[in-house]
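Asks: Sequence:
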Amino acid sequence: FLLLTSMSYDRYAAICSPLQYHAIMNSQVCIQMVLGCWLGGFLSVLIPIIMISRLSYCKSNVINHFFCDSGPLLDLSCSDIHLIELMDFVLSSVVILCSLVLTLVSYICIISAIIHISTASSRAKAFNTCATHLTIISISCGISIFIIFMYVTPSQKETLEVHKVPALLTTIVCPLLNPFFFTLKNDLVKQVIRDMLRKNTEVIAHKVWGVWRKKDQNK
80 FLLLTSMSYD RYAAICSPLQ YHAIMNSQVC IQMVLGCWLG GFLSVLIPII MISRLSYCKS
140 NVINHFFCDS GPLLDLSCSD IHLIELMDFV LSSVVILCSL VLTLVSYICI ISAIIHISTA
200 SSRAKAFNTC ATHLTIISIS CGISIFIIFM YVTPSQKETL EVHKVPALLT TIVCPLLNPF
260 FFTLKNDLVK QVIRDMLRKN TEVIAHKVWG VWRKKDQNK
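Residue numbers (my numbering): 80 to 298.
In case anyone wonders, no lab produced these hints; they're calculated from the structure. Since we're looking at a predicted model, the values are computed, not measured. Note that CB positions come from ideal geometry on N, CA and C, so glycine has one too. Mixed in with the good hints there might be a few duds.
[Unchecked claim] Computed spacing ranges between beta-carbons, pair by pair:
{"no.": "1", "residue 1": "L267", "residue 2": "H161", "range": "17 to 23 Å"}
{"no.": "2", "residue 1": "L256", "residue 2": "C177", "range": "23 to 29 Å"}
{"no.": "3", "residue 1": "E281", "residue 2": "L256", "range": "24 to 30 Å"}
{"no.": "4", "residue 1": "K204", "residue 2": "C253", "range": "24 to 30 Å"}
{"no.": "5", "residue 1": "P97", "residue 2": "I129", "range": "30 to 36 Å"}
Given the sequences, and given the hints that come with them, work out the whole structure.
Replies: The following block contains the structure:
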């Protein structure tokens with residue numbers, strides 16, 4: 080979410096200040112934004128991880144999940160976890176809601192700037208520069224509803240079974256789709272995909288033709 084927020088600011092700078100874009104989004108700013116995302120993500124989970132590591136575990140060592148997330152670990156603990164759940168709730172709320180609000184503000188400014196562009200071709204070109212990111216944002220916003228149930232809940236034990244679906248979406252589906260969305264705008268990638276599909280079609284057609292010829296010869 081922090082990375083998507085940074086990307087929305089990048090698209091805001093490209094659409095709303097195109098002449099100053101390279102000055103605004105220079106290499107130093109990009110490095111700072113990436114480091115800020117990594118640092119923000121690290122700090123948002125650091126305190127809960129430290130608190131979870133100090134809990135006492137007296138139940139089974141088999142977690143009811145795909146990976147060692149905070150909810151399944153808390154479910155196995157015999158200690159009082161109310162403070163950790165509250166901390167997790169607050170930090171997740173701040174990260175997710177602030178990211179969504181900042182992204183929404185960026186796109187309100189972007190849409191407003193696109194509307195004021197005089198020609199239709201220029202509007203289409205401007206919209207095309209942020210279409211991929213907007214697609215990822217739309218998918219992420221849909222999945223964020225599940226994420227809110229996943230993390231931004233007062234008690235994670237009560238919704239542990241429900242967490243598995245959003246966990247699958249956020250850890251597998253979204254990362255799998257992201258490269259396709261961002262690389263399909265590249266002409267070279269499109270050409271490689273066309274060549275691959277044409278080659279596979281020719282191979283399949285050749286095999287099918289061979290099977291039919293073999294059947295005819297047997298007859």
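Asks: Quick check: which numbered hints come out false for this structure?
Replies: 1 and 5
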